[in-house]
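Asker: Listed below are the residues making up each chain.
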Amino acid sequence: MPDFQTILGCLLAVIIAIVASSMELLSKYQARTIREIFFSPYYFFFVLLNAVFCTLVYWALPYISGILVRNEFLPSLENPLIRAIIAGLGYLVIARTSLLDITIRGQTVGIGFDGIYSTLAQYLLRHHDLRLRRKLRDDFLKAFSSYQPHIFLGAVKLLMRQLSEENREEIENTLARLKSGQPKSIDFCFGLYILLREYTEGAEDAEAFLSQLKEALSSDPSLAKSLQEEFAAITS
Amino acid sequence: MEYSRKEVLTKVLLSLKQQGKQSIPELVFSTRLPYGVIKEAVKTLEEKGLIRIERVRANPHLAEETSDSLDLIELNE
Chain Y
1 MPDFQTILGC
11 LLAVIIAIVA
21 SSMELLSKYQ
31 ARTIREIFFS
41 PYYFFFVLLN
51 AVFCTLVYWA
61 LPYISGILVR
71 NEFLPSLENP
81 LIRAIIAGLG
91 YLVIARTSLL
101 DITIRGQTVG
111 IGFDGIYSTL
121 AQYLLRHHDL
131 RLRRKLRDDF
141 LKAFSSYQPH
151 IFLGAVKLLM
161 RQLSEENREE
171 IENTLARLKS
181 GQPKSIDFCF
191 GLYILLREYT
201 EGAEDAEAFL
211 SQLKEALSSD
221 PSLAKSLQEE
231 FAAITS
Chain W
237 MEYSRKEVLT
247 KVLLSLKQQG
257 KQSIPELVFS
267 TRLPYGVIKE
277 AVKTLEEKGL
287 IRIERVRANP
297 HLAEETSDSL
307 DLIELNE
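Chains as they are written, first to last, in this note's numbering: chain Y, 1 to 236; chain W, 237 to 313.
With the rest of the complex left out, here is chain Y:
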């Protein structure tokens, strides 16, 4: 039966592992809210996968420490805190270890821990990504049935005024790509909606922009007309 200090050390290692593996998601989905990123069954299983591998490495560390740490640090492993830090930050070294690399249809597949960890992690992260994009499409379709198309264009223009020079340039480049080749009205609106979501916090914030512009246009028919004409000239 492991003692209290070992259990506590293992818990700490798992927390470090979860934080480290979640950093990747935070940087990948900067435009999404914390709720959207972390309240997902795929994220839960991704965390569980990392926790299991980290626990295994923490438990096995006294036997495999030669792989992860230099010889002079081996005595320090008796300290649960140091063991937790090494397991929490180093478990991926073991998880990514393969005994043999084979190439199938041009792709290198590792046989060993890497094969198990990578296959499961890729599956979970891919489905997490698909889930987020499905949610974005659903949010858009909801907004598209509530607002007229030219409002999406107006909202992005309004957003651009509030951004830094660098971000504005980035949006202008993306807008140029979206406008090329006479896009379908719904496609252009979806592109504009993705832009809105990239620079706002979640669906509610994007909705607030659209609603703000709808209100502004209701009191300024000439602006509404010019936006409608501009939108019609861009789309097919």
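What the hints contain is simulated information worked out from the structure, not anything from laboratory work. It is possible that part of the hints are untrue.
Mimicking DSS-like on lysine-lysine, the simulated pairs with C-alpha atoms at most 25 Å apart in a straight line are [unchecked claim]:
(1) Lys184(Y) / Lys275(W)
(2) Lys179(Y) / Lys247(W)
(3) Lys184(Y) / Lys247(W)
(4) Lys179(Y) / Lys242(W)
(5) Lys257(W) / Lys179(Y)
(6) Lys157(Y) / Lys142(Y)
(7) Lys253(W) / Lys135(Y)
(8) Lys247(W) / Lys142(Y)
(9) Lys247(W) / Lys28(Y)
(10) Lys242(W) / Lys142(Y)
(11) Lys284(W) / Lys253(W)
(12) Lys257(W) / Lys142(Y)
Chain Y is fixed; fit chain W onto it per the hints.
Answerer: Below, chain W alone, put in the same frame as chain Y:
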């Protein structure tokens, strides 16, 4: 800017393979290619039978001819 046909098709196929089902606007973001170029590539890939297109209507309560639809492009496995 000129894009080679092969380069465009490869980029679109790679994006669909890595990120799964996407609409053309999403492909504009993931490949950084212009809409018109992607539209042409999608047409070619559909003719070659490499992709399939699922149409999602914006408002399912409206009749098909009056409703706009978002085309979701997916690789044929």
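Asker: For the pair supplied as a hint, Lys257(W) and Lys142(Y), is the alpha-carbon distance within the 25 Å limit?
Answerer: Roughly 20 Å separates the two Cα atoms, so the pair holds.
Asker: Verify the proposed pairing of Lys179(Y) with Lys247(W), using a straight-line Cα cut of 25 Å.
Answerer: holds, 20 Å
Asker: Quick one, are Lys257(W) and Lys179(Y) close enough, alpha carbons at most 25 Å?
Answerer: Given that 25 Å is the threshold and the Cα spacing comes to 22 Å, the pair holds.
Asker: Take the C-alpha atoms of Lys179(Y) and Lys242(W), compute the straight-line distance between them, and say whether it is at most 25 Å.
Answerer: Answer holds: Lys179(Y) to Lys242(W) is near 23 Å, not above 25 Å.
Asker: Under the criterion that the straight-line Cα-Cα distance not exceed 25 Å, is the pair Lys247(W), Lys28(Y) satisfied?
Answerer: holds, 20 Å
Asker: Against the 25 Å threshold, does the CA-CA distance of Lys184(Y) and Lys275(W) hold or violate the hint?
Answerer: holds, 10 Å
Asker: Next pair to validate is Lys253(W) with Lys135(Y); report whether the Cα-Cα distance is within 25 Å.
Answerer: holds, 20 Å
Asker: Under the criterion that the straight-line Cα-Cα distance not exceed 25 Å, is the pair Lys247(W), Lys142(Y) satisfied?
Answerer: Answer violated: Lys247(W) to Lys142(Y) is near 30 Å, above 25 Å.
Asker: Sort out whether Lys247(W) lies within 25 Å of Lys184(Y), counting only the CA atoms.
Answerer: Given that 25 Å is the threshold and the Cα spacing comes to 22 Å, the pair holds.
Asker: Would the hint linking Lys157(Y) and Lys142(Y) be met if the CA-CA limit is 25 Å?
Answerer: holds, 21 Å
Asker: Does the alpha-carbon distance linking Lys284(W) and Lys253(W) stay inside the 25 Å limit?
Answerer: holds, 16 Å
Asker: Is the straight-line distance between the alpha-carbon of Lys242(W) and that of Lys142(Y) 25 Å or less?
Answerer: It is violated: about 36 Å lies between the C-alpha atoms, which goes past 25 Å.
Violated hints, in rising order: 8 and 10; the structure is consistent with all others.
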